[in-house]
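Make a model of the complete structure from these sequences and hints.
The primary structure of each chain is shown beneath.
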Amino acid sequence: MAPLGRPAGPEQPIISIDGVSKNFGAQPAVVDVSLDIARSDFFCLVGASGSGKTTLLRLLAGFETPECGRILLDGEDMTGRPPYERPVNMMFQSYALFPHLTVQNNVAFGLQEERLPKAEIGARVAAALELFDISGLAARKPHQLSGGQRQRVALARALVKRPKILLLDEPLAALDKKLREHAQVELAALRERVGITFVMVTHDQEEAMSIASHIALMRDGRVIQVGTPRDLYERPASRYAADFFGAANLFDGTLAGGSGAVSHVDCPEAGCALRVTNAEGVSPGPVTVMVRPEQVGVHKTAPTGGNVLPAGVTNIVFLGSAHVCHFTLDSGKPVQARLSPTDMAQLGGLGSGDRVHLSWDPAAGRVLAS
Amino acid sequence: MRMASDARRLKTLVVGGTTTWLVIFTLLPFLIVLAISLAEPRLGVPPFTPLLECGDGIWPRINASLANYTTLFSDSLYVEAFLGSVRIAATSSLITLLIAYPMAYAIARTQARLRLALLMLVILPFWTSFLIRAYAWTGILNSNGLINSALLNAGLIAEPLPLLHTEFAVHLGIVYSYLPFMVLPIYAVLERLDWTLLEAARDLGSRPLRGFLRVTLPLSLPGVYAGWLLVFIPALGEFIIPDLLGGPGSLMLGRVLWTEFFNNNDWPLASALAVALLAMVLLSSALLYRVMRRPEASS
Chain A
1 MAPLGRPAGP EQPIISIDGV SKNFGAQPAV VDVSLDIARS DFFCLVGASG SGKTTLLRLL
61 AGFETPECGR ILLDGEDMTG RPPYERPVNM MFQSYALFPH LTVQNNVAFG LQEERLPKAE
121 IGARVAAALE LFDISGLAAR KPHQLSGGQR QRVALARALV KRPKILLLDE PLAALDKKLR
181 EHAQVELAAL RERVGITFVM VTHDQEEAMS IASHIALMRD GRVIQVGTPR DLYERPASRY
241 AADFFGAANL FDGTLAGGSG AVSHVDCPEA GCALRVTNAE GVSPGPVTVM VRPEQVGVHK
301 TAPTGGNVLP AGVTNIVFLG SAHVCHFTLD SGKPVQARLS PTDMAQLGGL GSGDRVHLSW
361 DPAAGRVLAS
Chain B
1 MRMASDARRL KTLVVGGTTT WLVIFTLLPF LIVLAISLAE PRLGVPPFTP LLECGDGIWP
61 RINASLANYT TLFSDSLYVE AFLGSVRIAA TSSLITLLIA YPMAYAIART QARLRLALLM
121 LVILPFWTSF LIRAYAWTGI LNSNGLINSA LLNAGLIAEP LPLLHTEFAV HLGIVYSYLP
181 FMVLPIYAVL ERLDWTLLEA ARDLGSRPLR GFLRVTLPLS LPGVYAGWLL VFIPALGEFI
241 IPDLLGGPGS LMLGRVLWTE FFNNNDWPLA SALAVALLAM VLLSSALLYR VMRRPEASS
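Taken in sequence, the protein lines are chains A and B. When we follow our numbering, the leftmost residue of the first sequence carries the number 1, and every step to the right adds one. When we follow our numbering, the leftmost residue of the second sequence carries the number 1, and every step to the right adds one.
By construction, these hints were calculated from the structure, which means they are not laboratory data. C-beta: ideal position from N, C-alpha, C; glycine also. Just so you know, not all the hints are guaranteed correct.
What the hints assert, rightly or not - Result set (EDC-like, lysine to aspartate or glutamate): computed pairs, CA atoms no more than 20 angstroms apart in a straight line: (1) Lys164(A) / Glu199(B); (2) Lys178(A) / Glu206(A); (3) Lys164(A) / Glu85(A); (4) Lys300(A) / Asp330(A); (5) Lys300(A) / Asp361(A); (6) Lys141(A) / Asp194(B).
Stated by the list, open to error - Incomplete in silico selection of chain B near chain A, CB under 10 angstroms: (7) Thr196; (8) Ala201; (9) Arg202; (10) Gly205; (11) Gly211.
What follows is the structure in C-alpha cells.
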C-alpha cells in the first residue's frame, strides 16, 4: 500500500483503498477491501445487488465512514473527512438534481459553495453547459427535462467542480436501452476529454465491459477479481467470475497430474477426461473447466485432436449476428455454442435432435480452482 | 356508456351535495352576518333594524348603512384590537414555527418504526377538549399555581410571578394549542423529501447547515406555508385563549367581538367586526398563496 507522504506522481494510484470494512448493524457490507485505482482510469465496480459496490462508492464519496482501514485519495488520507471536503464528486443514480433550482443554478451550486467570485462561477457554468450542450436549457427546472437531459445536467453539475475523481452510481440505469448504449460511448469519450479518473458502479456486466478500462468484481462485500475487461472475460479467477461475465460452459471435475504442458481433468459430466494446457499453479483436486460458447466448435463428423464430445442438438436460437446452439451431452449436461452465420453455413444447417461432435482446443478451456 | 353516465351522476351528486352544504352552512350565515352588519342597533328582538322595510310605495325601503364599518376604522379600540390580533397571531405563529420545524424534522428523520409513535404523541392532546386544555393552563400559571408554588417553595422567588393574564400566557396558549397544526404539514413535506438531495448538496461542498438552508428549507416551504395558515388564521380570531389566559391589556378581535355581541348587545357592530375579520383572513391567505406560487411561476 502507498505509504503516507509519498510524493504524488503519475505512477501513484489516485485512489488507494487499504483494508476497508463497513458493516450496517450486524450486516457486513464491505469486507476488508484493498484496491488501487490508477490515475485517469475508467474504473468499474460490478457485482450483483448487495455485493457492496455502492457502499464502496459511498465510502469514497464520504457518505459512509469505514469501521477499519483507510482511504487515500491522491496520497491524502480521507478516512475521517466529510464529503464536502473531498476532491471527489458524485453523479447519483437518481441524478439528485435540486428541483427548486434551474439548470443554471443546479450547475452553479457547487461553485457557489466554494465562494468563488461571481464572474468565475458564471464563466465556468457557461463552459460546462456548453460542454454538455445544455446551454439552451439553462433556465429550465429539472422537472421540465427529459431523462437524457437530466443526466447531462447531473454530469455538468459534478464536473464543473473540477474534481480529481468522478464517482458514478449506476449513471445509465434510468435510461432506456437504446439511449443507454449511446450514453456509454459518450461517457467513455467524456472521460478521455476531461482526463480525470471515473469510478462507476454498475450491476450490468456488459456495460462494465464496454466502458471500463479496469473492473473490480465484487461479491458479498469482497473484491474477488480485478483486471481489464479482457482479463475478466478470458481469465476469470473463479467460477463466479466466469459465470458473471458472459455465458460460460462450466465442467466440474478433478485435476490429475499431466504430462508436460497438457493436464487432464477427470470430468464425469463430460464423459471423458478434458485436456487443458493452462493448469499451471492449480493444485490437483476438484476444479472447474470453463469454455466460452464461441470457443466450442461443432462438427458432423468427429474431428481429431483437442477435446471431442458427442452431443445432441436441443435447440437453436437465431440472434441475427450469430446462432446460439444448445446441446445436451450423453451425461445430460447442457452445453452452449455460439456459431457465426458462416460457421453455420459450412455445417450445412442443424436441427433439433441432430447428433454432432463438439470440440475445443486444450488451450481454450480454462481451469478454475473450486 | 352506462358506467360513464353513472360516474357523471355520482360526480353531480358529490359536487352538488358539497355545494349545497357550503351554501346552507357557510354562504347563507355569512350573508346574514353581512346583512346585520349593515343594520343599526336597537332595543328589542331582534336587536337590530331590519334591512328591508315595507314603505309606502311598491318597493321596500333599504336600510343599509356603513356606519358600523366607519366606527371600526375610526374608534381606536377596534383599530388597536385589529393590530393587537395581527401582532399576537404573527408572533405566536412564528414561535410555533420555530418549535414545530425541528420537531417535524426530527420525526421525519427517525426510523420508520418510531415515527408513528412520535406522531401519535403530537396528535394525542387532540383527544382532550381544547377548552379543558386551555383552562388547565390557568391552574399552571396562577399566582398559586404549579409554577409559582414550585418556585416559591424552592425559595427562588419571594412573591408569585405574574404569569396568568399576560400576553406571555396568550402566546403560550396559542403555541401550545396550535403546535400540531404546524408540525403535521411540515412533517408531511419533510417525510416525502428525497434525502439524496441533501447528500448531493454535501457532495457539492455544502456544510450541514448550508445544505439545510439551500436545499431542505426551500423544499419544505410549502409545508411551512400550510402550517402558517393553519395557525395564523385561527389565532387571529382566537377567543378562548385570550379570554382565559390574557389580561385586560391583550386586546384581540375575538374578545372584542364577544363583548360587543353579548355584553353591549350591539349585533350590527359585532357583525361588522366578524366581516372585517373574515376579510383579513382571506387577504392574508391570498397573500400567502401568491408567495407560495412564486417559485412555480418563475419556472
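Tell me the hint numbers this structure goes against, listed in increasing order.
none
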